[in-house]
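Going down the list, the sequences are from chains A and U. For the first sequence, the tail end lands on 193 under the UniProt record's numbering, and the numbers increase by one without skipping. For the second sequence, the tail end lands on 262 under the UniProt record's numbering, and the numbers increase by one without skipping.
Since the hints were derived computationally from the structure, they do not count as laboratory data. You may find that some hints are simply not true.
[As the list claims (entries may be wrong)] Quick list of the computed label-pair ranges, beta carbon to beta carbon:
{"no.": "1", "chain 1": "U", "residue 1": "Ala71", "chain 2": "A", "residue 2": "Glu165", "range": "32 to 42 Å"}
{"no.": "2", "chain 1": "A", "residue 1": "Glu14", "chain 2": "U", "residue 2": "Glu78", "range": "21 to 31 Å"}
{"no.": "3", "chain 1": "A", "residue 1": "Glu190", "chain 2": "U", "residue 2": "Ala85", "range": "24 to 34 Å"}
{"no.": "4", "chain 1": "A", "residue 1": "Glu165", "chain 2": "U", "residue 2": "Ala79", "range": "37 to 47 Å"}
{"no.": "5", "chain 1": "U", "residue 1": "Ala82", "chain 2": "A", "residue 2": "Glu165", "range": "40 to 50 Å"}
[Unchecked claim] Covered by chain U, per the in silico footprint, the following chain A stretches (three or more residues, Cβ under 8 Å):
{"no.": "6", "segment": "20-32"}
{"no.": "7", "segment": "67-80"}
{"no.": "8", "segment": "83-95"}
{"no.": "9", "segment": "153-162"}
{"no.": "10", "segment": "178-184"}
[Unchecked claim] Cross-link-like lysine to aspartate or glutamate pairs, in silico, EDC-like; alpha carbons within 20 Å at most:
{"no.": "11", "chain 1": "U", "residue 1": "Lys51", "chain 2": "A", "residue 2": "Glu140"}
{"no.": "12", "chain 1": "A", "residue 1": "Lys175", "chain 2": "U", "residue 2": "Glu28"}
{"no.": "13", "chain 1": "U", "residue 1": "Lys51", "chain 2": "U", "residue 2": "Asp11"}
{"no.": "14", "chain 1": "A", "residue 1": "Lys184", "chain 2": "A", "residue 2": "Asp144"}
{"no.": "15", "chain 1": "A", "residue 1": "Lys54", "chain 2": "U", "residue 2": "Asp75"}
{"no.": "16", "chain 1": "A", "residue 1": "Lys184", "chain 2": "U", "residue 2": "Asp45"}
{"no.": "17", "chain 1": "A", "residue 1": "Lys54", "chain 2": "U", "residue 2": "Glu68"}
{"no.": "18", "chain 1": "U", "residue 1": "Lys51", "chain 2": "U", "residue 2": "Asp39"}
Here the structure is a predicted model, which means the values were calculated and not measured. The C-beta atom is built at its ideal place from N, Cα and C for all residues, glycine as well.
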Amino acid sequence: MAAKSTPASTEAREALRSAMVRLGEGDSAALEQIYSATRVKLFGICFRILGDQKEAEDALQDVYVNLWQRAGRYDPERASPISWLATFARNRAIDRLRTGKVRGGAVAVEEAAPLPDAAPLADQMMIDGERAARVHTCLEQLDDPARSNIRAAFFDGSTYAQLAESADVPLGTMKSWIRRGMLKLRTCLEAGE
Amino acid sequence: MSDETEIERGDAMIAAEYALGLLLEGEELLMARGRMATDADFAADVTQWEKRLAPLLDEVAPMVPSAEVWARIEDRVEAQRAAQAEAELSGGGGAAANVVMLEHRVRRWQWTAALTSTAAAVLFGFIAITGNRTPVIVPVNNPPEQIAEADPLVAQVPIGETGLRLDVTYIPESERMLVGAIGLTADGVHDHELWLVPADGSALQSLGVVAPGEVRSMELPENVTRNMGEGVQLVLTREPIGGKPEGVDAGPVVAEGAFSQV
Numbered sequence: 001m002a003a004k005s006t007p008a009s010t011e012a013r014e015a016l017r018s019a020m021v022r023l024g025e026g027d028s029a030a031l032e033q034i035y036s037a038t039r040v041k042l043f044g045i046c047f048r049i050l051g052d053q054k055e056a057e058d059a060l061q062d063v064y065v066n067l068w069q070r071a072g073r074y075d076p077e078r079a080s081p082i083s084w085l086a087t088f089a090r091n092r093a094i095d096r097l098r099t100g101k102v103r104g105g106a107v108a109v110e111e112a113a114p115l116p117d118a119a120p121l122a123d124q125m126m127i128d129g130e131r132a133a134r135v136h137t138c139l140e141q142l143d144d145p146a147r148s149n150i151r152a153a154f155f156d157g158s159t160y161a162q163l164a165e166s167a168d169v170p171l172g173t174m175k176s177w178i179r180r181g182m183l184k185l186r187t188c189l190e191a192g193e
Numbered sequence: 001m002s003d004e005t006e007i008e009r010g011d012a013m014i015a016a017e018y019a020l021g022l023l024l025e026g027e028e029l030l031m032a033r034g035r036m037a038t039d040a041d042f043a044a045d046v047t048q049w050e051k052r053l054a055p056l057l058d059e060v061a062p063m064v065p066s067a068e069v070w071a072r073i074e075d076r077v078e079a080q081r082a083a084q085a086e087a088e089l090s091g092g093g094g095a096a097a098n099v100v101m102l103e104h105r106v107r108r109w110q111w112t113a114a115l116t117s118t119a120a121a122v123l124f125g126f127i128a129i130t131g132n133r134t135p136v137i138v139p140v141n142n143p144p145e146q147i148a149e150a151d152p153l154v155a156q157v158p159i160g161e162t163g164l165r166l167d168v169t170y171i172p173e174s175e176r177m178l179v180g181a182i183g184l185t186a187d188g189v190h191d192h193e194l195w196l197v198p199a200d201g202s203a204l205q206s207l208g209v210v211a212p213g214e215v216r217s218m219e220l221p222e223n224v225t226r227n228m229g230e231g232v233q234l235v236l237t238r239e240p241i242g243g244k245p246e247g248v249d250a251g252p253v254v255a256e257g258a259f260s261q262v
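My request is simple: use the sequences and hints to build the entire structure.
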């Protein structure tokens, strides 16, 4: 897929990385640059987890305000800026989901996230470039029910209890499925590290 | 396949569950967040999982947020910047807004705490923890007058990113402190202990174990009230039931806040 690092994507990533560093050094103007480069991806993530336009927009605000406050925590040596930001956004959205302001569970995949405007997708592809990451392969290699439940936990922010309920199994069973799956996932990932 | 035995759940698994977002019970989440701050190995495990899983987020369909979002972000950033600037100008009062400084203080405190656990244990003696975990305060007969301003001091101690918080109010006239822990639930395994961090850098003082889901009022002894003031910090640690045992270092800091004058 679009996994290769083209010169354009490398450039976009480096621009983002340098904006993150500048923000960490106190340059507030860098925030707008980061926002325009990443809002489409991060909003997609917030919406996927929260399943509600308004909640997702509130979460998105929190993400960037928090980012402004804590940009110093980003270590450019250790993480790809877009992965770091995506994880940051997902964690904020999950926090919001857990504080009980929103309904549990998220959008069904079919109804998820129509893209009203296709243009930003191109920008976003430039900074992604991680579609060939090993985790995709490793996750696909897992057997169900582990795979589908780990996916639901990750993408929908489902809890053990919700997953157990929808699979109609005891909580302990669900925990075992997921924990075994995570162990296998780790073994597979470590084989490629 | 439908094996019901729980597989062993070591730290590595807890880190994986935390990264996946599965640690939702209040207490479990608190513990994990506390460890993120104080346990480098655990934090490294979580970060590694987050890094491994992050590429999956590429599968999420991108979406364009509405145009107002940026304006609202700008407003909030601007408001906070103004508040910070004001706090810096007024001198010293900006501690709560200054996250870097706060973190610095907490780190220093953790270091101090390790060195002075004996001193802390002695201080701990003035608030005895009874079997039912109600802080019993030794009454003070001669109310001191260390705090000139009679306005109450309030502090909010947000618990991680959970949206929950402790509300602490101190009323100088009465030497009484209210600690509200609405929304928190007990897990039956841990207690949380609130500590005052004296501005002079002396050993921290226990304000007792927090009663989850309740608002408690307590009278404070003079050796605590004299340290009360604007900007004074509070930290919350996770401890075994009954609070920090004597002769042991305090548990991980899971939350922090600072007093400000109303």
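So, going through the hints one by one against the coordinates:
Checked against the given bound of 32 to 42 Å, the beta carbons of Ala71(U) and Glu165(A), roughly 40 Å apart, stay inside it. Hint check: Glu14(A) to Glu78(U), Cβ distance near 29 Å, so the stated range 21 to 31 Å holds. For Glu190(A) paired with Ala85(U), a C-beta distance near 48 Å fails the hint of 24 to 34 Å. At about 42 Å, the CB distance of Glu165(A) to Ala79(U) agrees with the hint of 37 to 47 Å.
Checking the proposed 40 to 50 Å range against Ala82(U) and Glu165(A) shows it holds: the Cβ atoms sit about 47 Å from each other. With a threshold of 8 Å between beta carbons, the proposed coverage of the segment 20-32 of chain A by chain U holds, since 3 of its residues qualify and at least three are required. With a threshold of 8 Å between beta carbons, the proposed coverage of the segment 67-80 of chain A by chain U holds, since 6 of its residues qualify and at least three are required. Counting residues of the segment 83-95 of chain A whose CB lies closer than 8 Å to any CB of chain U gives 9, which reaches the minimum of 3, so the coverage claim holds.
Counting residues of the segment 153-162 of chain A whose beta carbon lies closer than 8 Å to any beta carbon of chain U gives 6, which meets the minimum of three for the stated coverage. With 5 residues carrying a beta carbon less than 8 Å from a beta carbon of chain U, the segment 178-184 of chain A meets the three-residue requirement, and the given coverage holds. Proximity of Lys51(U) to Glu140(A) is assessed by CA-CA distance (about 18 Å); at most 20 Å being required, the pair is judged to hold. The suggested pairing of Lys175(A) with Glu28(U) holds, with an alpha-carbon distance near 15 Å, which does not exceed 20 Å.
Simply put, Lys51(U) and Asp11(U) have alpha-carbon atoms about 18 Å apart, close enough for the 20 Å limit, and the pair holds. Between Lys184(A) and Asp144(A) the CA atoms are separated by roughly 12 Å; this keeps the pair inside 20 Å, and the hint holds. For a cut-off of 20 Å, the pair hint linking Lys54(A) to Asp75(U) stands: about 18 Å separates their Cα positions. Under the criterion of a C-alpha separation no larger than 20 Å, the hint pairing Lys184(A) with Asp45(U) is consistent with the structure, at around 16 Å.
A C-alpha spacing of about 12 Å is found between Lys54(A) and Glu68(U), which places the hinted pair at or below 20 Å, so the restraint holds. The suggested pairing of Lys51(U) with Asp39(U) holds, with an alpha-carbon distance near 18 Å, which does not exceed 20 Å.
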